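Given the sequences, and given the hints that come with them, work out the whole structure.
There are 2 protein chains.
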Amino acid sequence: MENKRPLILISNDDGYHAPGIRKLVEFVKDMADVLVCAPEAARSGYSCAFSAVDYLRLKPRHNMGDTMVYSCTGTPVDCVKIALDQLCAERRPTLILSGINHGDNSSVNNHYSGTMGVAKEGCMKYIPSVAFSSCYYDENANLEPLRPYVQRIVGDVLQKGLPKGVCLNVNFPAAQKFKGIKVCRMTFGSWIEETVKERHPRGYDYYWVVGKYRNDEPGVEGTDQWALDNGYVAITPTQTDVTAYDAMDGLKQIYE
Amino acid sequence: MENKRPLILISNDDGYHAPGIRKLVEFVKDMADVLVCAPEAARSGYSCAFSAVDYLRLKPRHNMGDTMVYSCTGTPVDCVKIALDQLCAERRPTLILSGINHGDNSSVNNHYSGTMGVAKEGCMKYIPSVAFSSCYYDENANLEPLRPYVQRIVGDVLQKGLPKGVCLNVNFPAAQKFKGIKVCRMTFGSWIEETVKERHPRGYDYYWVVGKYRNDEPGVEGTDQWALDNGYVAITPTQTDVTAYDAMDGLKQIYE
Chain A
1 MENKRPLILI SNDDGYHAPG IRKLVEFVKD MADVLVCAPE AARSGYSCAF SAVDYLRLKP
61 RHNMGDTMVY SCTGTPVDCV KIALDQLCAE RRPTLILSGI NHGDNSSVNN HYSGTMGVAK
121 EGCMKYIPSV AFSSCYYDEN ANLEPLRPYV QRIVGDVLQK GLPKGVCLNV NFPAAQKFKG
181 IKVCRMTFGS WIEETVKERH PRGYDYYWVV GKYRNDEPGV EGTDQWALDN GYVAITPTQT
241 DVTAYDAMDG LKQIYE
Chain B
1 MENKRPLILI SNDDGYHAPG IRKLVEFVKD MADVLVCAPE AARSGYSCAF SAVDYLRLKP
61 RHNMGDTMVY SCTGTPVDCV KIALDQLCAE RRPTLILSGI NHGDNSSVNN HYSGTMGVAK
121 EGCMKYIPSV AFSSCYYDEN ANLEPLRPYV QRIVGDVLQK GLPKGVCLNV NFPAAQKFKG
181 IKVCRMTFGS WIEETVKERH PRGYDYYWVV GKYRNDEPGV EGTDQWALDN GYVAITPTQT
241 DVTAYDAMDG LKQIYE
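Top line first, the protein sequences correspond to chains A and B. My numbering puts the first residue of the first sequence at 1, with every later residue one more than the last. My numbering puts the first residue of the second sequence at 1, with every later residue one more than the last.
FYI, nobody ran anything at the bench for these hints, they're computed from the structure. All the given hints hold, so there is nothing to weed out.
Each pair may be met inside one copy or between any two copies, as identical chains are not told apart.
DSS-like, lysine-lysine: derived pairs with alpha carbons at most 27 Å apart: (1) K177 - K252; (2) K212 - K59; (3) K125 - K212; (4) K125 - K164; (5) K4 - K29; (6) K197 - K59; (7) K125 - K197; (8) K125 - K252; (9) K252 - K179; (10) K252 - K160.
Predicted model, so just to flag it, every value in this text is computed and none were measured.
Now the structure itself:
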């Protein structure tokens, strides 16, 4: 008998044991069959990196009741690749979800985020994909208020899909109540003062990558940072075609 | 006395010792002062990943004559961040270059590429940035035919800059002669059959990430793969604003 329920593949960049991914599974497990394949440990800032050199291992885990959970030693993108190739060869996921990330993935974090790496990888495989992130960096923050929003967005995307080459970057303000949803564009912002030099006890310099975020478009309505700053859930539709179409004519005049 | 020469920061993802980066330095060192800050070892497939957890170290190297060369223990993007913060605090680069990568970065490789990570990072810091890649995967391939193209593009960008939020992804066919330059859009393509399962002598399974590239728009003129397949140098202007503007109206009708 054919299985009529949709299959949702879930990954993240905080690791298979993170509270955020457990919460995401809890929110959607009545809507579909769920398979989790997530990094063995935290992989923040891994972007769309994959393991070109290192081998991967997959291990079944049993930390979410009857949900099938695998940990993978690689990056968030590796988790999608290996899940599709090794775990979903017989049954392609209807939807790929990522998160719930513990931390903000709006603005230029879209590029650095391993959470978004998962959604972009799904999108590059033409599978509708949504990343969820909360601006609470505290892993113990109460994510329960996200439930109706996550369920609504997942329900909509299960039913209607997404345009080819488009995935969703959904960010929630660090709040316990939201004013509604805004569909946004990515904010131009910058990370500055990004490294801190330290002196090792053995007498050499080393560096930590840290940084301060600067909004380069403060107060500009329509940006994802504006939505978050004003208490809205921000949906930033994100495309995998990164061609700068507006720059093409000028360049053609120079080079063709 | 103020230094009137431009400063070019160069990085890559193959490591500071790779033939491609040495060649790039050789091509441009008469056009500007050059500072190299590149990964200590190969970092293929690192995308825009940065080191959120691991510390970095910087070491001066002396493998390119009188060019200042530093190796960094981190990712390609880390190299840009630490160079701007620690090495270029007094003198901001006029231009950031990446490459010459040993391997094709057209199509969806744009997302996975550490070479493109360098250019995107520069672009997110509002510095004109260009990534160069050759479709020769062989490190010993003769890159000399790229010289006039690289010098022309670098000269143009030094003079005219690039639009805000736009960097260039320049790919060269695996050939010793080129038919000219085409300004292209990113090809939709897919990596398939991406993992290979192996059995470890100790009795467990492990996996390598490999894959075959499938062009999903074969023969479509105007795509970067088409240009490369037909002997042209492909310039794919790439933007850091990944908002899917065309999808916004439809989503606003659902969610706002």
